[in-house]
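Novice: Protein chains in written order, with our numbering: chain X, 105 to 184; chain L, 105 to 184.
Hints are computed from structural coordinates only; laboratory data are not their basis. Hints are supplied without guarantee of correctness; some may be wrong.
A pair counts as met if it fits within one copy or between any two copies, since identical chains are not told apart.
To be verified - Derived lysine-lysine pairs resembling BS3-like cross-links, with alpha carbons at most 27 Å apart:
(1) LYS106 / LYS123
(2) LYS123 / LYS159
(3) LYS144 / LYS114
(4) LYS106 / LYS144
Here the structure is a predicted model, which means the values were calculated and not measured.
Protein chains: 2
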Amino acid sequence: MKARIKITLKNGVLDPQGKAIQSALGSLGFSGVNDVRQGKYIEVELAENNEAAAKDAIERMCKDLLANTVIENYSYELVA
Amino acid sequence: MKARIKITLKNGVLDPQGKAIQSALGSLGFSGVNDVRQGKYIEVELAENNEAAAKDAIERMCKDLLANTVIENYSYELVA
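Okay, chain X solo, but in the shape it has when bound (with noise of 0.2 Å):
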């Protein structure tokens, strides 16, 4: 199976990657852009193929390594 993983940071979080993003996008003359929060996205390829097993490995893969949970957030989506 497949696991789509993005991390976000938290709300409240300084995202100062997300900032330079829109001021470069004003720099190029995109007007109206409100906010811009940059985050990660990580695709797993796993040998599981059962959906509860390669569940309970992604969130387990997310809390150990992929994301700081302290000010990120995740959420996955599985693929056959």
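Given chain X, work out where chain L should sit, using these hints.
Specialist: Only chain L this time, still in chain X's reference frame:
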């Protein structure tokens, strides 16, 4: 409107960050991880409420700044 943009490396482009994550997952005892690819996830909050206009702006932002279309693909979804 809000746009959720995913930027991923094209197939065949070497992804050292993904390989590092894969190897770290292995060291942590996660077996059965066949492949890991890391991309970027960007949320852009637009003042624009017209879907066609927002889509057009996001397309141009991706091509001009957010994605390097030589080595990266982008996809996005618009939410109200």
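Novice: None of the hints should be skipped; say for each whether it holds.
Specialist: Hint check results:
1. In the homo-oligomer, the alpha carbons of LYS106 and LYS123 lie at most 27 Å apart only across protomers (16 Å), although the nearest pairing inside one protomer, at 31 Å, exceeds that limit.
2. When the C-alpha separation of LYS123 and LYS159 is checked against a cutoff of 27 Å, the pair qualifies only between copies, where the shortest distance is 21 Å, while the shortest distance within a copy is 33 Å.
3. Taking the shortest Cα distances, LYS144 and LYS114 sit within 27 Å of each other both inside one copy (13 Å) and across copies (16 Å).
4. In this homomeric assembly, LYS106 and LYS144 come within 27 Å of each other (Cα to Cα) both inside a single copy, at 16 Å, and across copies, at 17 Å.
Violated hints for the displayed structure: none, as all numbered hints are satisfied.
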